[in-house]
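**Q** Since each chain comes alone in its own frame, lean on the hints to assemble the complex.
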Amino acid sequence: MSFFFGRTRARTNTVDLAKQARDHVTKLEGPQGAAKADELAKVLAQMKQVLQGTHGATEAEPNPELIYQLVTGMIEEDLLNLLAVHLHRLPFESRKDTQVIFSYVFRFRPPTGPQKPEPLALAYVVERRPQVLVELCRGYDHKESATPAGTVLREVLKNEAAAAVILFDDGDEQGSSCRGVGGINPDRPQSGRGVFWSFFDWIDKSSFEVSADAFTTFRELITKHKDLVPRYLAANFDLFFDRYNRVLVQSNSYVTKRQSIKLLGEILLDRANYNIMTAYVDRGEHLKIVMNLLRDDRKMVQYEGFHVFKVFVANPHKSVPVQKILIMNRDKLLQFLSHFLEDRTEDEQFIDEREFLIKQIRNLPPAPVPPPQR
Amino acid sequence: MDGEGVARRYQVLEELGRGSFGVVYKGIDKATGETVAIKHIDLESSEDDIQEIQQEISVLSTCASSYVTQYKASFLRGHKLWIVMEYLGGGSCLDLLKSGVFNEVQIAIICRELLLGLEYLHSEGKIHRDIKAANVLLSETGKVKLADFGVAAQLTYMKSQRNTFVGTPFWMAPEVIQQAGYDFKADIWSLGISAMELAMGEPPHANLHPMKVLFHIPKNAPPRLEGKFSKEFKDFVAQCLVKDPDFRPTAKELLKHRFIRSAGKVEALQELIQRKRNADVRADQLKHPVYYQETLHTISPKDEVDEWVFDTVKSIVPRRGTVRSRKPSSVYLVEDAMRKLDLKDGPLQPNTPGTVRKATVRRQPSTASRQSSVRRHISNGSPRPSLGPKRPLQPDMSFGNSGSTMRLFRRVPSDGSNSGLLGSSPPEFANENHAPAAYHSPVEPNSKEAMLGRRLYNKALEPCLDELHAQTAASSKREALARLSDAFAYLDAVDPEGAYHLVRNLVSSISQDTRLNNIFLPQQHHPSPKSSNSNPQPSSKPANDGTQQGTVLIKGSRPSTATTLAGTPPASALSSPTKLIMSQENPHLMSHHRRRGSMLPQPVSPDGRGSPDKERERERERDRAEKDREREKLAALEAKLPGRQAVPGMEHCKALSDLLYARWTDGLRARWGVLAGS
Numbered sequence: 001m002s003f004f005f006g007r008t009r010a011r012t013n014t015v016d017l018a019k020q021a022r023d024h025v026t027k028l029e030g031p032q033g034a035a036k037a038d039e040l041a042k043v044l045a046q047m048k049q050v051l052q053g054t055h056g057a058t059e060a061e062p063n064p065e066l067i068y069q070l071v072t073g074m075i076e077e078d079l080l081n082l083l084a085v086h087l088h089r090l091p092f093e094s095r096k097d098t099q100v101i102f103s104y105v106f107r108f109r110p111p112t113g114p115q116k117p118e119p120l121a122l123a124y125v126v127e128r129r130p131q132v133l134v135e136l137c138r139g140y141d142h143k144e145s146a147t148p149a150g151t152v153l154r155e156v157l158k159n160e161a162a163a164a165v166i167l168f169d170d171g172d173e174q175g176s177s178c179r180g181v182g183g184i185n186p187d188r189p190q191s192g193r194g195v196f197w198s199f200f201d202w203i204d205k206s207s208f209e210v211s212a213d214a215f216t217t218f219r220e221l222i223t224k225h226k227d228l229v230p231r232y233l234a235a236n237f238d239l240f241f242d243r244y245n246r247v248l249v250q251s252n253s254y255v256t257k258r259q260s261i262k263l264l265g266e267i268l269l270d271r272a273n274y275n276i277m278t279a280y281v282d283r284g285e286h287l288k289i290v291m292n293l294l295r296d297d298r299k300m301v302q303y304e305g306f307h308v309f310k311v312f313v314a315n316p317h318k319s320v321p322v323q324k325i326l327i328m329n330r331d332k333l334l335q336f337l338s339h340f341l342e343d344r345t346e347d348e349q350f351i352d353e354r355e356f357l358i359k360q361i362r363n364l365p366p367a368p369v370p371p372p373q374r
Numbered sequence: 001m002d003g004e005g006v007a008r009r010y011q012v013l014e015e016l017g018r019g020s021f022g023v024v025y026k027g028i029d030k031a032t033g034e035t036v037a038i039k040h041i042d043l044e045s046s047e048d049d050i051q052e053i054q055q056e057i058s059v060l061s062t063c064a065s066s067y068v069t070q071y072k073a074s075f076l077r078g079h080k081l082w083i084v085m086e087y088l089g090g091g092s093c094l095d096l097l098k099s100g101v102f103n104e105v106q107i108a109i110i111c112r113e114l115l116l117g118l119e120y121l122h123s124e125g126k127i128h129r130d131i132k133a134a135n136v137l138l139s140e141t142g143k144v145k146l147a148d149f150g151v152a153a154q155l156t157y158m159k160s161q162r163n164t165f166v167g168t169p170f171w172m173a174p175e176v177i178q179q180a181g182y183d184f185k186a187d188i189w190s191l192g193i194s195a196m197e198l199a200m201g202e203p204p205h206a207n208l209h210p211m212k213v214l215f216h217i218p219k220n221a222p223p224r225l226e227g228k229f230s231k232e233f234k235d236f237v238a239q240c241l242v243k244d245p246d247f248r249p250t251a252k253e254l255l256k257h258r259f260i261r262s263a264g265k266v267e268a269l270q271e272l273i274q275r276k277r278n279a280d281v282r283a284d285q286l287k288h289p290v291y292y293q294e295t296l297h298t299i300s301p302k303d304e305v306d307e308w309v310f311d312t313v314k315s316i317v318p319r320r321g322t323v324r325s326r327k328p329s330s331v332y333l334v335e336d337a338m339r340k341l342d343l344k345d346g347p348l349q350p351n352t353p354g355t356v357r358k359a360t361v362r363r364q365p366s367t368a369s370r371q372s373s374v375r376r377h378i379s380n381g382s383p384r385p386s387l388g389p390k391r392p393l394q395p396d397m398s399f400g401n402s403g404s405t406m407r408l409f410r411r412v413p414s415d416g417s418n419s420g421l422l423g424s425s426p427p428e429f430a431n432e433n434h435a436p437a438a439y440h441s442p443v444e445p446n447s448k449e450a451m452l453g454r455r456l457y458n459k460a461l462e463p464c465l466d467e468l469h470a471q472t473a474a475s476s477k478r479e480a481l482a483r484l485s486d487a488f489a490y491l492d493a494v495d496p497e498g499a500y501h502l503v504r505n506l507v508s509s510i511s512q513d514t515r516l517n518n519i520f521l522p523q524q525h526h527p528s529p530k531s532s533n534s535n536p537q538p539s540s541k542p543a544n545d546g547t548q549q550g551t552v553l554i555k556g557s558r559p560s561t562a563t564t565l566a567g568t569p570p571a572s573a574l575s576s577p578t579k580l581i582m583s584q585e586n587p588h589l590m591s592h593h594r595r596r597g598s599m600l601p602q603p604v605s606p607d608g609r610g611s612p613d614k615e616r617e618r619e620r621e622r623d624r625a626e627k628d629r630e631r632e633k634l635a636a637l638e639a640k641l642p643g644r645q646a647v648p649g650m651e652h653c654k655a656l657s658d659l660l661y662a663r664w665t666d667g668l669r670a671r672w673g674v675l676a677g678s
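Respectively, the protein sequence lines represent chains Y and X. So the first sequence is residues 1 to 374, counted in UniProt numbering. So the second sequence is residues 1 to 678, counted in UniProt numbering.
Okay, chain X solo, but in the shape it has when bound (with noise of 0.2 Å):
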């Protein structure tokens, strides 16, 4: 219908965050000078999820609860669907733990409301299936409320059940992992963990990777809650996390637990809201609002291939504008396209070469629009912005209301993130008008040093960085990497050259030691027994997370869809095919190899003013370069092999896997579609 009439009844403010489905903005309704949520949706961005996104729409809007946040209206503008919320101005809880865990008083309020919205949802059929402290949020009076229902189910008949696998690792009950038939218990597991979530500020197992914590979850004993918690709090703890449903309490049950009964106002809670705005403010983390701008045009896929640097500029104010239409919306489509991917690649992609090199060729779209925002935020005038899209993997939701996280696989990392990050920056990075530097930039690429550093920039460090952020569970380990990445996108900005010379440097210092020589240059066979002394690698420092190896051994055996295309980028794709093999049985040498991967230059053109031994080098490496495609066809045409024999005992696991394999690839191919465009 009419979506534009509709669409004027709101008035749009700023940005108040993201979530993987797009972008959500503050609005008042003209009508009602009610405020409003309202989140964007760029249909275009999705491939199959228009079906799902109805499906949201439909048990929201059939949801009538003050424990539940409450739908107002949907229409489309366009490709893009408006979804109109009601607005919560506390946050989410998970950004609330960001100023502190919670204490018991509060955990048992939250446990409390939570359970009166479960028992509202159960009764009418619906399971919420992604209850985690993300999706918790508040309102500025303190009431809470249940919020995000990408993955929410309506059962037609009391009596039904489900099989499907949605949720996330870290909150998912033992028998939704199982498959084995769920129904409304889930959620109060899910409750359970979320309240181990607000009284430690992670879920359990959060050190693991997700896809370890799958198979940990219906193997091990239900985690307990330990430590100075009252007796009540523990046990309203166990009882949710009984592990067989059937003697699991249900809502209205555990209503009647003595933690919960006891629990007090809902006002309590705004104590909460004020630490984290206190933090904020010295955090200096007030940033300035970014304001809805209208994105509203028809693509024109045509333009944009000659436009790509700015694909979405000219729906947006010219690029002197003011300082608050820095951020446009449409960039963040990939940078959210980007956390999705590697919120899913975390789990699945790592280990075999070929895998590796899958990811990477994906990710190639997306580098150039990236890096376009880089120039145009740094065009309008600040430096920090730009570092915007180096964050890809944690949305920005301090005001709540995020975005439906649809089949998020890893949790939405809760920290290592804004406050970090800003609060840490030197002084001109946090100083918007502290223009100067900033105009300079970016540097474009001007000579072939410079070029060659862009491109090992785009092609290797970022995704690499990313790559590893994505795998990395631990939350100081995941900021120690994205303030890495940060530095490395200024760098490119500024100094792609730089970038050049630095790996040159660090890959010969590397070939002059013999061990590091020899663990990550194998193929080149010429231990230099002169120094030792060896460069310290900021990649691989903190990627120590190599616990995802169970899992995706078994995942590196799927058959794989990659081919080798022009321009993959080698330097992720160096692996022999006896290493494929090693790695699949040894997973400790499979993240070496990945590393190793990560390291490796790109195979240098001659740039015409090498000395004699680097002519050498170059040699070597193109001859190296050469081996390795032809290794690479060797592996892709193995890895493309249906799919190899699961470890005895342990073809659950590769049921489970393939399963995941093909939600993974699935969710890729849908999200694909922008990035590929822009």
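So here's chain Y without its partners, still in its complex pose (with noise of 0.2 Å):
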């Protein structure tokens, strides 16, 4: 006979909670904000036990049926907007089963319909309400909300539909994904004050926790789609480069500073992005900055710039201004080369790379040839 109560009130209360949540987490600013904070942390510790079921003792499978209802109710009350606007203000537990809700919602595809349905909610949100996405991006405004929101995001951003969103987010403008993935127009370039271009300030000036989450969501987001991004690295060559050379490559931050030195020389290397790599190694200005990078005090530093500039040097096709910076500094390259990492003598890939460079910068013509044409 319990049994069958406790799946009653189970049912009920799954119709509701996406309702009450939504009551609690409107009010968290008000004056009885504690209280419905603590309220809240109930509701979602219950949504979050519909969606995993329980383990241990009362083990009991989610149950799909359950769950549907949960994620339409979600849906209704706009109620993942709501979450990811007040991650921040929620209790600890709250906001690590807002991220597991999240996760569980996103993923969820409905038990009946055609053989691989979309997920729902995830599906809902990229063509009917992207803002979600990009207030889950927001959470790096935050340092309480920055894990669980980079946590969902970036289970998220693998799907290419949501990266875009985020991409593409431009304001009111035309073509920004304000409206939906849909209405994206992929080759517009952006004004830069989209949520994306956030990123940059998040990752260089927040704090080491939040500056460090943000920069991976980053790199999923600047790596995961071959197809979507080399486009729109091309749409916004002189944007993207100017903000990362400038806030990324030389941040103040030694990790931000390390890991977008690195991160850019996977992106030039990146085969999907040739066309990128070429562009970016036609010009003079990005191999000076590359070159200081050698001359920088910290061996790491170092290291990481060296894997980019091996790139404007094995380059076969040398823009005449990079041949002509690679010639008037060629003596003192060479010099430097030759001990540049000199204690680095078990790495052997970096010691052939740089007896190749070597060789490359002596075999320089004595004056720029221009490259033939491609």
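Worth flagging that the hints you see were computed from the coordinates, not collected in a lab. Don't take each hint at face value.
[Said to hold, decoys possible] Listed below are several chain Y residues computed to face chain X (Cβ distance under 8 Å; list not exhaustive):
| # | residue |
| --- | --- |
| 1 | F208 |
| 2 | Y254 |
| 3 | R298 |
[Said to hold, decoys possible] Distance windows between CB atoms, simulated:
| # | chain 1 | residue 1 | chain 2 | residue 2 | range |
| --- | --- | --- | --- | --- | --- |
| 4 | X | S123 | Y | A234 | 43 to 51 Å |
| 5 | X | S65 | Y | H142 | 20 to 28 Å |
| 6 | Y | A367 | X | Q154 | 55 to 63 Å |
| 7 | X | S65 | Y | D16 | 29 to 37 Å |
| 8 | X | A31 | Y | E93 | 19 to 27 Å |
| 9 | Y | D141 | X | Q179 | 35 to 43 Å |
| 10 | X | N220 | Y | P316 | 55 to 63 Å |
| 11 | X | A31 | Y | K288 | 40 to 48 Å |
| 12 | X | S65 | Y | G30 | 27 to 35 Å |
Think of the CB as a built atom: it goes at the ideal place given N, C-alpha and C, for glycine as much as any other residue.
**A** Structure follows, in structure tokens:
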């Protein structure tokens, strides 16, 4: 008997959970914020249980039917957006619960319907409510919400449409993702005010924990989608690399600086980014930045810089400005490279590459030769 | 953000210990007056680990349980990352084990607390993956907390599984080793092993080489607790050590086990802490605290080249400074890195000459810096700290809050350590202020013999000792080795010429005994029958750890990336190609080669005052060195060829060791930045 009782109660509750949560969330900032936070915490914990099932003694598998009700309820109440907005105001445990809830909800595929149904909530968000994703990104504004929001984002970003929503968010501009993924015009250059461009500041200006998490998400965003991102970078080449070099590569934070140089190398050496790479290594000013990195006083910065520098030198079609710089500094470079990171005696690949660069620089023509047309 | 500002919030006090990633200090949060532990991680010293460290922080920062060490904050200062944690004054269980094994009552309490901690972690979707005594900390009041989340995993989805091969071999669950996909249950296995560790002082198979253990665990029946323990305890361990994870109980289920239910209060554990303190006092082991010195500075590589001897001194209080400033922290990066090297080298490096050579090459840069540390310490007025770096293989974690053991492959030696060393040191060692002898040293090598002696020490003796130490599992043997290593270090500091003569005489004695000669110097075909007296060889004595071959053999067939570099110590590379092949198939021969290699002297350059006899010997040595260099090239070439066939039936071992090898080289590459820099 009690079994049936428990079951029915669970069902009525489930329908109601999203509404309850909504009521509490919207009052978090009010005079009774603390009390509301407690109540919300309980509701969120219940929601998590519905999604996860329970473990241990009262093992219960999650019930797809209940989950379906919960997910649709959350969509109706616009709870995903509310939770994303207020994430940093929630208590410690509730933030973690919210993270779990998002993860499960975005993964959930309805039990009935087409053979391989889309994850219901994610499809809804991407097409109709892109602000949820933007708000999740804004989680980086606060130390409290950075980790849970970031964790959710990185999972969601595996979906190309979700990544596009973030990349192409551009306020009310024409072709912005603000009206859903369908409204995106991928070839329109970005204004630089969309949420994606805020990542540069989150990475550069936040505390270590926030910055590190934001960088990880940024890396995912920029490396995961081999069709979307090269096209995006091509359309926004100057804007992107200007910020990248100015804010990240020259950051005062050791971690940001080192990681972003490394990521730059990865971006350039990614096959999918071939056109981006050739455009990048044609610019003399890019080479200057990188050559300065080689002289940084921290070895790991030098080392990461080397892996970008080598792309310039190894390029068989060096542009005239690049050749000019290299030829002007030929002797200095040869001298410098022959002692560069000498103590990396066990790093064979590095030694080989360094030798190769020395050879390349030595064999440069005495004056720049325009590269053959490609 | 403003790391400086946040850092000012903390008053950093004495050093607590060293982990694989950095130094841990005791500190005070000025805002609250609370005592904290602050871990300093030098990011410049790791190549790819920033993300792993981030991972550790993110797992820790989402834990809120009284059974898990509480994370407080982290921030950057220059290229140092500070992680502020709850301070636990009782030390780790591994430290506490040094003064004796635990009784059942104590173990039951610890296991219950650990199960509560694991129950929490697992309900949060986290797997610790490195449960062992070293990672269990006690507060002064006896509270038990899980520490070191260096390899912990966060599952985003409850049903998901992991495949990553991490942990510490002795404590690893079979399914982790087999990489068949594992989940929370892996922690339960490790808990069972840890319980045995607390009862016996060592985990099962502690006498085996860690690599061998990796094959042993999945293949054999689970270890069993034997001896005069209660039925309940034995059953508890047996439950934890069920090989099939599906039949292994969860943390929640184990909390209902009789052994656990009858466990007492945590306060009973204070006994252990007190016992350890008493033992420390008895052993006169209360060390002078090592105080934090601001070492934040921008590394300037060019300067370092100039000042290679005192690379970090510029940031430290002048050398005539107080006794307390004896151990400036950055020196230990080297020590630390050495330890990590050894940890990884241990299982993997020994057997083909190619590998051995490589390992030796890698060690080279460190020798200089370690030597530099020796000098500096001594100039500070005490020879004792100079021996510090000579115990590279064990972090001093007597106060708990150890560093992360990210991917430690070898158990952190629990013994053969401070107590043994310091306790048994001659009085002038123990006495800090007994300065005279110390102030004369170190001797700058001023004769050829002395220079050779120093070279011999740096390039042959010390690396070989380190290597042997890394390969030796048994604690008493390790201690013996550590002492020998210390002795050599001292000799080198005081009388490098003595080291030269020692080895020289050793070689000639060996060459005079037919059998020894054939074993150790086989290329030197001049049996001299006149004498059969042979010196016992110091470094070969404790090296009877011949257990690692099964795995190393396969590892040896990995393509070697060693290049024949100028300055490669030929001593460790002497082996003919024939031997190379034999050694691949005959592990026992292998260890002989290794030892032989380590026993051989450097090819000595003419010193202008040898007898004709010695001249001839030198001739021979030169010849031999020539030949060996050729062979070495061949061997290097051979080693470069892509992986050879695995022994039939052992393909899985090959796959595993290939993987381990890759991890190992990655690890080395990551660490090497520092060593190279100093």
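**Q** Checking against the hints above, which ones are violated?
**A** Checked against the structure, no hint fails, so every one of them is satisfied.
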